[in-house]
Amino acid sequence: MTHYDLPKDYVASCGCTGKSTHYPTAALSHLAYGSTAAYGPSCGRCFNLTLLNTIYSDPQWYPNPTKSIVVKITDLCPGPGLCGATEGSPNSVGAYLNFDLAYPSTAIHEGWYPANISYYGYDDFGVWNISYQSISCSQWAGWKDKGALGSVPDQNPGVCCPAEPNATLTCPSYSEQYGDWPPDTTTSGSIPHLRAPQITLLSFSILFVMACNFTH
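FYI, in full-length UniProt numbering the residues of the sequence shown are 1 to 216.
Keep in mind the hints are simulated off the structure, nothing from the lab. A portion of the hints provided could be inaccurate.
To be verified - List of simulated lysine to aspartate or glutamate pairs, DMTMM-like, C-alpha gap at most 20 Å:
(1) Lys-67 <-> Glu-110
(2) Lys-67 <-> Asp-9
(3) Lys-144 <-> Asp-9
Said to hold, decoys possible - Cβ-Cβ distance ranges computed for the label pairs, FRET-style:
(4) Glu-87 <-> Gly-121: 30 to 40 Å
(5) Asn-116 <-> Tyr-178: 19 to 29 Å
(6) Asn-166 <-> Ala-115: 31 to 41 Å
(7) Asp-58 <-> Gly-147: 41 to 51 Å
(8) Ser-175 <-> Asp-145: 27 to 37 Å
(9) Thr-168 <-> Ile-135: 10 to 20 Å
(10) Asp-124 <-> Thr-36: 22 to 32 Å
By construction, the Cβ of each residue, glycine as well, lies at the ideal position given by its N, Cα and C atoms.
Use the sequences and the hints to build the structure in full.
What follows is the structure in structure tokens.
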């Protein structure tokens, strides 16, 4: 897992409401996301992520106790780098998917990531090995906030973000089905939000830090 900057109230690739950023969210690498642009089958899904150990530090650190967080997938983390795995090739640390946590964020308290400055000399390890579990979005912190659920109502067919994805309500892959009209995933709490029709995403990595940045 890595982390990246996502502005508060920003409407990201899935088209989830801007208020979703008031709660923990994450981007997902394109192979697991299911699309290389806009929305994909993972949009709106919720996961419980648990930190296991640092990857690039020497030695690796296994904090005890561990920390977990429930996130909603609202964004795409494109390749290359840690989000660049393909069906035939894992990423640079041998994994086929990567969660990119929107952090720092008002939705996650400062200092959520464990640190050991006295030993390592820095407080941001950048990349973590994690375990993950797909769970009901009723366990997500934003579940009871209607304004944080669903997709923005003024951008169809360019958005798809179910409040609770299931077997009958899952987003198609935008990159595989370009032009298909996605299911209506707006909710009664969705608030109109204007957004540029196309977003260019740039992924880059620096030592111990991996982030996805966005420019219009």
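Among the hints numbered above, which are violated by the structure, and what are their numbers in rising order? 2, 5
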